[in-house]
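Colleague: Chains as they are written, first to last, in this note's numbering: chain A, 2 to 599; chain B, 2 to 599; chain C, 75 to 425; chain D, 75 to 425.
The hints are simulated quantities; they were obtained by calculation from the structure and are not laboratory data.
Treat the hints with caution; some may be incorrect.
Which stretches of chain A does chain D cover? Using the computed rule of at least three CB atoms under 8 Å from a CB of chain D, they are [as the list claims (entries may be wrong)]:
no. : segment
1   : 200 to 209
2   : 223 to 236
3   : 241 to 250
4   : 265 to 271
5   : 274 to 284
6   : 390 to 403
7   : 434 to 443
Being a predicted model, the structure only gives us computed values, none of them experimental.
From the three backbone atoms N, C-alpha and C, an ideal C-beta is built for every residue, glycine too.
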Amino acid sequence: MINDFAFKIATVNGTGSASANGLLMQAIYRMGIPVSGKNVFPSNIQGLPTWYEIRVSTDGYTARPAHIDLVVALNPATYGKDVTTVRRGGWLLYDSSWPLDHALVRDDITILGVPFGQLCVEAFAGDRERTLMRNIAYTGALVALLDIDMDLVGEMVREQFAKKRSLLDSNFRALHLGYDYTKKHYPCPLPIRLERMSATRDQVLLDGNTAAALGCLYAGATVGAWYPITPATSLMEAFSGFCKRYRVDPETKRNNYCILQAEDELAAAGITIGAGWAGARAFTSTAGPGISLMGEFIGLAYYTEIPGVFFDIQRTGPSTGMPTRTQQADLLSIAYLSHGDTKHIALFPANPGECFTMSVAAFDLTERFQTPVFVVSDLDIGMNDWMVPRLTWDDGYRPDRGKVLGAEELERIKRFSRYLDVDGDGIAARSLPGVHPKGAYFVRGSGHDKHAAYTEDADEYREVVDRLAKKLKMAEEAVPAPEFYQNGENNSVGLIALGGTHAALLEARDKLAADGIAVDYLRIKAFPFGEAVRRFLETHDTIFVVEQNRDAQLRSLLAIETGLARDRMTPVLDYGGLPLSADFVTSEVTRHLEARVA
Amino acid sequence: MINDFAFKIATVNGTGSASANGLLMQAIYRMGIPVSGKNVFPSNIQGLPTWYEIRVSTDGYTARPAHIDLVVALNPATYGKDVTTVRRGGWLLYDSSWPLDHALVRDDITILGVPFGQLCVEAFAGDRERTLMRNIAYTGALVALLDIDMDLVGEMVREQFAKKRSLLDSNFRALHLGYDYTKKHYPCPLPIRLERMSATRDQVLLDGNTAAALGCLYAGATVGAWYPITPATSLMEAFSGFCKRYRVDPETKRNNYCILQAEDELAAAGITIGAGWAGARAFTSTAGPGISLMGEFIGLAYYTEIPGVFFDIQRTGPSTGMPTRTQQADLLSIAYLSHGDTKHIALFPANPGECFTMSVAAFDLTERFQTPVFVVSDLDIGMNDWMVPRLTWDDGYRPDRGKVLGAEELERIKRFSRYLDVDGDGIAARSLPGVHPKGAYFVRGSGHDKHAAYTEDADEYREVVDRLAKKLKMAEEAVPAPEFYQNGENNSVGLIALGGTHAALLEARDKLAADGIAVDYLRIKAFPFGEAVRRFLETHDTIFVVEQNRDAQLRSLLAIETGLARDRMTPVLDYGGLPLSADFVTSEVTRHLEARVA
Amino acid sequence: MTSIQKPPVRHPSLQTNALGLTKRDYEGAMSTLCAGCGHDSVTAAMVQAFFELDIPPHRAAKMSGIGCSSKTTAYFMRQSHGFNSVHGRMPSVASGANAANRELIYIGVSGDGDSLSIGLGQLCHAIRRNVDMLYVLENNGVYGLTKGQFSASADVGSKSKRGEPNVQKPIDPVLLALSLGATFVARGFSGDKTRLLPMLKAGLRHKGFALIDVLSPCVSFNDHEGSTKSYRFTRENYHELAPVDFVPLQREITAETEQGASVSVTMHDGSIVRFREVASDYDPTDRDAAYAHVRARQEKGEIATGLLYIDEHSADMHEIANTVERPLADVPFEALCPGREALEKLMDEYR
Amino acid sequence: MTSIQKPPVRHPSLQTNALGLTKRDYEGAMSTLCAGCGHDSVTAAMVQAFFELDIPPHRAAKMSGIGCSSKTTAYFMRQSHGFNSVHGRMPSVASGANAANRELIYIGVSGDGDSLSIGLGQLCHAIRRNVDMLYVLENNGVYGLTKGQFSASADVGSKSKRGEPNVQKPIDPVLLALSLGATFVARGFSGDKTRLLPMLKAGLRHKGFALIDVLSPCVSFNDHEGSTKSYRFTRENYHELAPVDFVPLQREITAETEQGASVSVTMHDGSIVRFREVASDYDPTDRDAAYAHVRARQEKGEIATGLLYIDEHSADMHEIANTVERPLADVPFEALCPGREALEKLMDEYR
Ligand SMILES: Cc1ncc(C[n+]2csc(CCOP(=O)(O)OP(=O)(O)O)c2C)c(N)n1
Ligand SMILES: Cc1ncc(C[n+]2csc(CCOP(=O)(O)OP(=O)(O)O)c2C)c(N)n1
Ligand code: SF4
Ligand code: SF4
Ligand SMILES: [Mg+2]
Ligand SMILES: [Mg+2]
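Isolated chain A, as found in the complex (with noise of 0.2 Å):
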């Protein structure tokens, strides 16, 4: 149990426990032991149930825990439902400061009582300073539990505070006032504990939102539009701190960059449009909500082949939903977002690594197939922290406009037009507006022919929108080309996903094997599908479909998009608004195979 195990943390939120959790999180991962952490927050700002899930793996598995081995019950409005969490002979931390409450009594598992509230009340004065370093105190209870290196965590605490002198006395007494009596009163480590590693010197504590802004700023966007909305906020927050901080110029001391906080996500996604209409690399950022009200002005972006990239942060609908859960359900709706026919490119990130990666993808690909491309996250990927390869950057990079004639390429030519494919990949040329008189154009979401003037004509009109389907079906093999997880030779069973479910997948796959189920796994990262992924589907008798939403949207969109039979794919789903853990998908696969079996 050394190095593999989970623990939770109950508290309420606005109390300050956030950081003791980073706190913890981060001494274990800077022990070079590889960690994750899930923040389960409510959809308030003070006084409600919260929870952090910490998972340490030796083998590097960062899905889910399936079971808690110690839950600290910090809450007393969730002490029930906290205490059944706690794995049979597992512990239970709780605030001896009170008696021990009935609804955390369990006789299968070990109960350590360490009276936070009073050792703070007698070592600190003020409610809010009492309230704040007993998120510290049972820190130093953990520390002493699970054997976390007390340096290194000193040594993190003096970082944090350094400016502060005050706030970095009384923590260091609050760490100790925990620690010593956990120490004191109880053997200390437990058999589950910590065992210093080298697993994490390459590796990166950082979120999906983070790395996205990052993205946007390395791919040289100018221009962000947004409206704020949880799980989107922190990306577009993040860009603005970037910015401050790489964009302004040195001499001028001028911005390199505008950003502009709308007044709806419509407002968001007109901006977005005109500014990459003008030339800009722009981007908006929102959740599910914002993208049912930019459904019109996507149509537009489609239609009139303007670049954009839209970050849909997922989190748990239909409606308002549980904005501070995560789930995968707008897969549907972006894939075919807006009245009329239409049919968008998609990019599915599965962790905070390939939110840089993909951003930057997203960019070449907005400009280089001129219609808007949707980069989908999620709330887990994009507000957790997650352990990641550091983030590197290729000096040779140079942004893919696409097709744009400059003055002299408009000087040359005879007559432009916008909406003429010349060499037959579906792609037109276009021109910016105030580059040069003969590249004026007229856009409009109305009707329009091949040089982009107005038209009812049938033929006309059905030979732009054929050259759009067209220029679709050409992203499908420029997309980022999906996963191939092969488990020895031609398995028959094989599993498909995408996103975030990455993590629960992987271990799934490894647990499977040891069960002696050789799967096949298949990782979508982009829509419109290409042929790998026919071919998977193809070449696979059993499939399982891994995804979280009720409807099994992704299964939809490969019945559609790939032309395989409904019914040949088995959907896996868990749409309860938490990250999807391994086990879920090892015991449904099963069930299902034997099933079939039986």
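Assemble the complex: chain A is given as a structure, and chains B, C and D with the ligands must be docked to it using the hints.
Modeller: Just chains B, C and D with the ligands now, kept in the frame of chain A:
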């Protein structure tokens, strides 16, 4: 060629030709001859090309004709295009006030000239009257050429201008100018001519939007919210007209309805939902762009289970597209409109008659299933006059309000749980505001449990959305069942279609049979699909899905919902914006069948 | 369609209103807002207002959008139907509900983000429609629920928690409403319940759209030094036009003599709003005077509060639509469906 | 990134501007509007304005929404890029375009339906953002393109073609803009080109959002007896504040002595707007005076026209955002991408 031909009049809009064309169509109808007219008009108010196609058919076929026998070319701007549409051996009638334009010359057709302009210049004063009368003049010419009953036409003119004496005279003069000149200079009637029949006695000439408005009136809808948009505008305007006539309280002279012209489609959707929540039968009518804008609100209504009827009078997309052309391209958008897991009931009227009956059905379904219901019509059905059986009404009809608890019931029960499914049909009883304190509950688009209480708990959330899925499953057999047209015993070829293409499919079916190709035909009337659709698909080896969009959206829905493999269905797609003709279907079907044999 | 509800037995000490209900009957679920949030004070005032006006809770409908402010409809009148709709679009939902059932008393609660950003268009058009409802805009200058971004009501120069100044001009809902011809415009402060209460009552009794912009500080994200929407700044800079008394019709006017010079406006239902110690030249029914007053204060760096303008004569949505008195939702089907014969006759017109 | 274009040879008689271009070079496609539509007159004035201001057509961007009015951007300056976006949402598209390329001259053309109904929120926020653009609202009181429904600017009592009176209060874009702190507010009449022209020029030269509400009658649906947006009614009831002269910087001020007492405002670029015969006490830089003036006329049943308010001192969107002078679309990638090393350093902060 008696009572079996088609002619087309090419003019400029805003010049009064519309009423003249209507007059012709109505005259033929009153002669008891099956007739249909398609108005092909531009998206502006005055001065652009417009066409009116009239088809007469002894067999009562009303689809767009394959070829035009006679073209009346009165718009020089489209001479070239118009003349090519005359079938070889056909006729062209032009205004010989000016010398014959080269563009009009064709040696395989008969060209007839009548100096309409000149005749009117001589007979009338003032530009306005001259342009107007020119239309009546060509009407007169056609009366002569096609042997339309002159007395009948005269009678209709009299009806129309009963009140405007002066207009009456000039109309008569104009009518005879065209009639006499034609009689005098050409052998009348032409081989293509009319003869009285008695095939229209129980029929009326009605457009779908008017019929839908009547449906809303008879279903007891009291709140109508809308934002003007072609081709949906005339629906609410007709409703308003009927309300002024039938819904004013005789005593108080106050209105038993409330029509609100909203600031946009989002507001129209919000008003509809608010009214549905408060207990009124409410609806809105819009077109594609409005559907895209209503996305967020539709998700709210779906998740909070509020009734409301949403008319989508489809036009050619994407984006603004061709607002005055028809299409069936909003199918996919509507079926799963809004982010997150959603699914919606949709009805597909095939003609104005069904616009009436399905509007009534829509209100019953939306209240019974407490979820938004879409009535998906299109420009061709909505704005063109169709020959349909007289609408009838059963006074025994009573609205199905679904499960609504009254004051007494609420008084009796212990606790009211808004989202609790007591009888296992997936539908929970609702209460209306203001009825009883015990009925009070909190509607929220955010996560809620079966008691309508806020929740972020995975199981409580899932319990509710799982019931929603079940509810929509239940709807499959409650919505209008598909129409099955069998042609003899066990055919292996089956056609599938929905909506306004029905006319073309019935004709195509006969034509194919005549060519020795017996096919079965299933007309889908609603989404989600039921068992009958599944069975039809399974029992036919070769299936053609005929629809008016580029991306085979109906086929996609069939693949997702029935599980039949996409490629078991051959798409027959016509999406240029004009109503479907039977010949397009027959030629596509035969082409594929031959290809298969080859 | 309504039902008489018998007042249950309660602790005698609890004061009851004309319906025999105590204030408790007007309370709602436990608030989940931050301790000290201005919105909770507005909620408390709301409870008081409905209680004192003897409104049967189930005859009121609570409408809201999305935001901390919009959540508050759950925290008062548990026995009223509540509708927490989508962000910024509550005005249309309220309009529709009101169209269906004009008898209910509608109260909308929104925030400055909900009303002035995403919902600006809907707010303006609800004002134009003059929907009969009380619309309370809980204004804190930030998007609270999304953690403190500036809203469209943030003043230029007002500092964020991180110390960054707001650079965009604010939208003042009061000026906006006046320029649109709103029929009831007021501004209150959550920290001044005594003055807020009569405004709420008058707003509830107003026939038409009653807008009350309530300055309601966000303690978590906008109550710091340098913010112009903090408790401190508001307290120091708000300028009350004049305290008002709301005198419902049923109670005879006892307070009459209590104070000196006072302007008063008689509401549509006969109740009276009396302005105490108002500058004798101020006419609360003069739209332009109100506008000028607010602007003048603004130029002085002050915030004009109070019941600024009342127009009891404009038609509300239903008068404009000439709808029947009875709620449309209650009109019997027989009165709505013309029936078979009428249809037969009508069909003859389509030949 | 721009290119110098050589004036092609033309008929000598045609007058040319400083760029050697003739008015023809500023014309666009054939109008498809109804003969006599007010919008076409506005289009003509637009051609004149751009021609006289010597603006290279390809350096202007024509933005619009949906409607007959919005179509007109196709009918002038064929050598300019045009963007006919979606209904009511042009302001956001224009904001984005301007954010990307601040060097272009942006002109937005919209209608009363496009701007005051579906687009009201976006218009208000573009005003708030103070996007540098000329925004022409071609106001005819109806939805022309959808065949004549009343728009939000229709006056109470104004009759539809079918004779039905409008019952909803109108929204006056001028009052709205003033209450929002717009920086340039004017109203013109398509039937009075001489007075409209200088307004357009001044609006084009204004730094920030210039709103011109142009009364532009719809001959097909709102030009009849009983309509308050007809040519006749407008002509009889519009009251011009004062004719203005626009004196561009480059031309020296000759007209100086031509007329008597005149107020003048110097624009950001040095050009001057001179008000002729304006009541000496009227200050076109006084926001509240402008508001009061418009309201006073309104109460008289008149329509206040003219260049009502100018504020040349407020920061526009880019000043607020402190963006670089050069168009963001032209900033070289090197200046945008921090590069490998920076990323390596940065990564150390995530350990
Ligand atoms: C369509 C949509 N966009 C964004 C959000 C996210 N969101 C929730 S509340 C809110 C702003 C709330 O601000 P305000 O109305 O001022 O309420 P406050 O929390 O300040 O009381 C936003 C942007 C949402 N719920 N829906
Ligand atoms: C989302 C959407 N809703 C409705 C329409 C239909 N529509 C087109 S133009 C228009 C109104 C135009 O009125 P206005 O802006 O005043 O322009 P006008 O034609 O009067 O010049 C409407 C409602 C549309 N194109 N898009
Ligand atoms: S965040 Fe601000 S507005 Fe929201 S509850 Fe807390 S204090 Fe109130
Ligand atoms: S309908 Fe009215 S607004 Fe449209 S073009 Fe004709 S006259 Fe102009
Ligand atoms: Mg706020
Ligand atoms: Mg208009």
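Colleague: With reference to the structure, classify each hint as holding or not holding.
Modeller: Outcome of the hint check:
no. : hint       : result
1   : 200 to 209 : holds (count 3)
2   : 223 to 236 : holds (count 3)
3   : 241 to 250 : holds (count 3)
4   : 265 to 271 : holds (count 6)
5   : 274 to 284 : holds (count 9)
6   : 390 to 403 : holds (count 9)
7   : 434 to 443 : holds (count 9)
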